[in-house]
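S.K.: Numbered according to our numbering, the sequence shown spans residues 441 to 602.
None of these hints come from the bench; they were simulated from the model. Just to be clear, a hint being listed does not mean it is correct.
[Stated by the list, open to error] Computed list of lysine-lysine pairs in DSS-like fashion (alpha-carbon distance at most 27 Å, straight line):
1) 535 <-> 446
2) 596 <-> 464
3) 450 <-> 515
4) 515 <-> 596
5) 558 <-> 450
6) 516 <-> 558
7) 464 <-> 552
8) 505 <-> 596
9) 443 <-> 552
10) 596 <-> 558
11) 443 <-> 453
12) 584 <-> 510
13) 552 <-> 535
14) 535 <-> 584
15) 584 <-> 547
16) 584 <-> 558
17) 505 <-> 450
18) 510 <-> 464
19) 596 <-> 547
20) 547 <-> 558
21) 515 <-> 505
22) 552 <-> 582
23) 539 <-> 456
24) 443 <-> 464
25) 584 <-> 505
26) 515 <-> 539
27) 505 <-> 446
28) 456 <-> 596
29) 453 <-> 558
30) 584 <-> 539
31) 443 <-> 498
32) 443 <-> 535
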Amino acid sequence: MPKEAKARIKINKLLKEAGWDLLKDIHPEYYTGEGFIDYLLLDSRGLPLLVLEAKSEKHDPLDGKYQAEKYARAKKCRFIILSNGEEHYFWNLDKETEKLILRFPTKRDLEKLRDLPKRKKLSDIPFNKNFIVQSQGNVSEKEKRYLRNYQMDAVKSIINAY
Numbered sequence: 441m442p443k444e445a446k447a448r449i450k451i452n453k454l455l456k457e458a459g460w461d462l463l464k465d466i467h468p469e470y471y472t473g474e475g476f477i478d479y480l481l482l483d484s485r486g487l488p489l490l491v492l493e494a495k496s497e498k499h500d501p502l503d504g505k506y507q508a509e510k511y512a513r514a515k516k517c518r519f520i521i522l523s524n525g526e527e528h529y530f531w532n533l534d535k536e537t538e539k540l541i542l543r544f545p546t547k548r549d550l551e552k553l554r555d556l557p558k559r560k561k562l563s564d565i566p567f568n569k570n571f572i573v574q575s576q577g578n579v580s581e582k583e584k585r586y587l588r589n590y591q592m593d594a595v596k597s598i599i600n601a602y
C-alpha cells in the first residue's frame, strides 16, 4: 500500500462524516502548477474553499504546512487542513497559527466562516481621546469620561508594540 494510502482511507472517512460528497465536493490530486493538492474541497458554487494536505501516518501533519500554504494561495483558498489520518490541524490563513481539531468542518461551517466580516487589526481602529466615550451610551456632556493623556500614551504604546 502506498505511503499515504492508510491515512487517505481515514481522511476519506472523516470527510464523509463531516458531510462532504467525495465525488462532487472534492477534487483529489488536483494539479496547481506548483504541485499536486491532495484534496481540494469546493464550496456550494464549485469554487475552491479548502486545501487538505495529507501525510502518511508516520509523519507529523505539520510537515506539509508550507507546501499546503503554497497550494492554497495558488487556488485563492483561505482554509487548510493538515492531516496524517490521526492528527488534524485547521489553519485559517488570515490567522497566524494552525489549531488542532478533532473532526473535519462541514462545508456549511467553512462557508459561514469565510463569509464572516474580517475583523479590523488593532492598529486600524481609529484612536483618540473620545475612544471610550463611544461606549458610554446616552449620558450628559458633564458625565462623559475621556481618556487622560497618560492613558492615551499607554494605549498608543500597546498599539505600536502590537
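S.K.: A separate judgement is required for each hint: does it hold in the structure or not?
M.R.: Okay, the hints, checked on the actual structure:
1. 535 <-> 446: violated (30 Å)
2. 596 <-> 464: Measuring from Cα to Cα gives roughly 51 Å; hence the hint is violated.
3. 450 <-> 515: Distance ~25 Å between residue 450 and residue 515 Cα, so the pair holds.
4. 515 <-> 596: Between residue 515 and residue 596 the Cα gap is close to 38 Å, so the pair fails against 27 Å, i.e. violated.
5. 558 <-> 450: violated (33 Å)
6. 516 <-> 558: holds (16 Å)
7. 464 <-> 552: Satisfied, since the Cα-Cα distance of roughly 20 Å is no more than 27 Å.
8. 505 <-> 596: Given that 27 Å is the threshold and the Cα spacing comes to 35 Å, the pair is violated.
9. 443 <-> 552: violated (34 Å)
10. 596 <-> 558: Holds: residue 596 and residue 558 sit about 23 Å apart, inside 27 Å.
11. 443 <-> 453: Holds, at roughly 18 Å.
12. 584 <-> 510: Distance ~51 Å between residue 584 and residue 510 Cα, so the pair is violated.
13. 552 <-> 535: With Cα atoms ~16 Å apart, residue 552 and residue 535 stay inside 27 Å; holds.
14. 535 <-> 584: violated (36 Å)
15. 584 <-> 547: Distance ~47 Å between residue 584 and residue 547 Cα, so the pair is violated.
16. 584 <-> 558: violated (31 Å)
17. 505 <-> 450: holds (19 Å)
18. 510 <-> 464: Distance ~24 Å between residue 510 and residue 464 Cα, so the pair holds.
19. 596 <-> 547: violated (40 Å)
20. 547 <-> 558: holds (19 Å)
21. 515 <-> 505: holds (15 Å)
22. 552 <-> 582: Answer violated: residue 552 to residue 582 is near 44 Å, above 27 Å.
23. 539 <-> 456: holds (21 Å)
24. 443 <-> 464: holds (25 Å)
25. 584 <-> 505: Distance of about 50 Å is beyond 27 Å: violated.
26. 515 <-> 539: holds (22 Å)
27. 505 <-> 446: holds (20 Å)
28. 456 <-> 596: It is violated: about 49 Å lies between the C-alpha atoms, which goes past 27 Å.
29. 453 <-> 558: Not satisfied, since the Cα-Cα distance of roughly 32 Å exceeds 27 Å.
30. 584 <-> 539: Between residue 584 and residue 539 the Cα gap is close to 42 Å, so the pair fails against 27 Å, i.e. violated.
31. 443 <-> 498: Holds: residue 443 and residue 498 sit about 9 Å apart, inside 27 Å.
32. 443 <-> 535: violated (31 Å)
Of the numbered hints given earlier, the model fails hints 1, 2, 4, 5, 8, 9, 12, 14, 15, 16, 19, 22, 25, 28, 29, 30 and 32; all others are met.
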